Amino acid sequence: MDEERALYIVRAGEAGAIERVLRDYSDKHRATFKFESTDEDKRKKLCEGIFKVLVKDVPTTCQVSCLEVLRILSRDKKILVPVTTKENMQILLRLAKLTESDDSLEKVSEFPVIVESLKCLCNIVFNSQMAQQLSLELNLAAKLCNLLRKCKDRKFINDIKCFDLRLLFLLSLLHTDIRSQLRYELQGLQLLTQILESAFSIKWTDEYESAIDHNGPPLSPQETDCAIEALKALFNVTVDSWKVHKESDSHQFRVMAAVLRHCLLIVGPTEDKTEELHSNAVNLLSNVPVSCLDVLICPLTHEETAQEATTLDELPSDKTAEKETVLKNNTMEYNGMNMEAIHVLLNFMEKRIDKGSSYREGLTPVLSLLTECSRAHRNIRKFLKDQVLPPLRDVTNRPEVGSTVRNKLVRLMTHVDLGVKQIAAEFLFVLCKERVDSLLKYTGYGNAAGLLAARGLLAGGRGDNWYSEDEDTDTEEYKNAKPNINLITGHLEEPMPNPIDEMTEEQKEYEAMKLVNMLDKLSRRADVKDLHQDGG
1 MDEERALYIV
11 RAGEAGAIER
21 VLRDYSDKHR
31 ATFKFESTDE
41 DKRKKLCEGI
51 FKVLVKDVPT
61 TCQVSCLEVL
71 RILSRDKKIL
81 VPVTTKENMQ
91 ILLRLAKLTE
101 SDDSLEKVSE
111 FPVIVESLKC
121 LCNIVFNSQM
131 AQQLSLELNL
141 AAKLCNLLRK
151 CKDRKFINDI
161 KCFDLRLLFL
171 LSLLHTDIRS
181 QLRYELQGLQ
191 LLTQILESAF
201 SIKWTDEYES
211 AIDHNGPPLS
221 PQETDCAIEA
231 LKALFNVTVD
241 SWKVHKESDS
251 HQFRVMAAVL
261 RHCLLIVGPT
271 EDKTEELHSN
281 AVNLLSNVPV
291 SCLDVLICPL
301 THEETAQEAT
311 TLDELPSDKT
321 AEKETVLKNN
331 TMEYNGMNME
341 AIHVLLNFME
351 KRIDKGSSYR
361 EGLTPVLSLL
371 TECSRAHRNI
381 RKFLKDQVLP
391 PLRDVTNRPE
401 VGSTVRNKLV
411 RLMTHVDLGV
421 KQIAAEFLFV
431 LCKERVDSLL
441 KYTGYGNAAG
451 LLAARGLLAG
461 GRGDNWYSED
471 EDTDTEEYKN
481 AKPNINLITG
491 HLEEPMPNPI
501 DEMTEEQKEY
511 EAMKLVNMLD
521 KLSRRADVKD
531 LHQDGG
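full-length UniProt numbering puts the last residue of the sequence shown at 536; the count rises by one with no breaks.
Calculated directly from the structure, the hints in this document are not laboratory data. Just so it is clear, the structure is predicted and the values come from calculations on it, not from any experiment. Do not take every clue at face value.
[Claimed, not checked] Estimated spans, in silico, between C-beta atoms of each pair:
no., residue 1, residue 2, range
1, V81, E106, 51 to 61 Å
2, D417, E509, 55 to 65 Å
3, E14, P221, 31 to 41 Å
4, P217, K355, 20 to 30 Å
5, K52, E100, 44 to 54 Å
6, D27, P59, 45 to 55 Å
7, K351, S291, 20 to 30 Å
8, Q507, T414, 50 to 60 Å
Virtual Cβ for every residue (Gly too), placed ideally from N, Cα, C.
With the hints as extra help, turn the sequences into a complete structure.
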């Protein structure tokens, strides 16, 4: 009934009446995502009628009401087949300012029309294969990049940027050809990185270092949403970068990695939004060639170095666990390098472990990233080793028992998901410089057996990669306990009591005779067996 009334007004009414009836329809169906099949034909005709209104010279408010209803109706895939034509797509592109013209975005009154048009295009492209093909024909990706350049540094049009980026993400997700076009023809890597710089208001202090204000305000919701959409689009653009990385791209990838480092060190408006932001940053970092990830750490600035903090010289001699790792006013330092970003990644990984679900999607990307960083960059590996596998002192509990990061990772080594347990074991193995004896010390043979069997290292040895030859130093507590550690379980076991010590002399004599009789029976059975064989 709603569609019938709206269709009647759209066909015969004037702009004011059309606007009112469509606004009522929009308010009523704003949260509708499933539609009755009985009214399918009416919804198709309503869509066609709305497109006819949009080509007329109607007020901006009427255009917005038309587009809001079109966005709602475009959630239904079935009605999009007849209305998804090249002509209708061009109408939406014109309203969204996705044209070849050099029109600037000066008319604020047009912004709602642009945003609603982009929202409609997002729905239509996602739900219609015909729209996806028309997007290629109409060179939509290039038009979206052109619009992004117009609003790159304009903070007051974040909604336009956000839905432009979302549509770019959808196109690059659905078409591999568009990924290549974005990467090489449209300079999408540089453009999207600049969008992130703008969203984060980055101020560069060096080629790959940005100023971090730990006491600054969080990102606004609009800036956070824009950043998330840009990260998702960049992920698609760079998804195969590790395979086709060229030396000439190193600078651009390092700039992007430096922007992502900044991203990890800031927060969004809510804890959930911060996690979503960091999650997308982690996914994108996984596409960055590992040789360019060295910018995740950087030398401490003079200001950071001059701050009052606990230093190695001031630490008690028995505090070997804190060797070269100190906390300086929210700055994690190791060997003169700022490790804040790596520390954030480590905390992010632990939170994902603590969630206890969706490990493959939520945990494996950050574990893989930390593994590759550790394998390629010595300072990162040594910092993570100190954080995850500090020198052992208490070995009374099994390695998988407890609440430390090490305990949690060791538990994952026997997880039911093969991919999860493989990457958890690989991470710990790399932290141990791929030395079997070092890994067994922290995990026990039972937990590490799967990895060692897959690597052909059950008999010991080390992996194929080369690491520095600096030696681990064992604590006195571990050295004293080592002779009594069970190599299978990886923990200290109390010596089993000798049952003979509890027996009386009579019981000992009885057990001895029992053993003699058993040996006698075995001996006789062996003689009989030999006799039968000789006779045969």
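Results for each hint:
| no. | hint | result |
| --- | --- | --- |
| 1 | V81 <-> E106: 51 to 61 Å | violated (38 Å) |
| 2 | D417 <-> E509: 55 to 65 Å | holds (57 Å) |
| 3 | E14 <-> P221: 31 to 41 Å | holds (38 Å) |
| 4 | P217 <-> K355: 20 to 30 Å | holds (28 Å) |
| 5 | K52 <-> E100: 44 to 54 Å | violated (24 Å) |
| 6 | D27 <-> P59: 45 to 55 Å | violated (19 Å) |
| 7 | K351 <-> S291: 20 to 30 Å | holds (28 Å) |
| 8 | Q507 <-> T414: 50 to 60 Å | violated (42 Å) |
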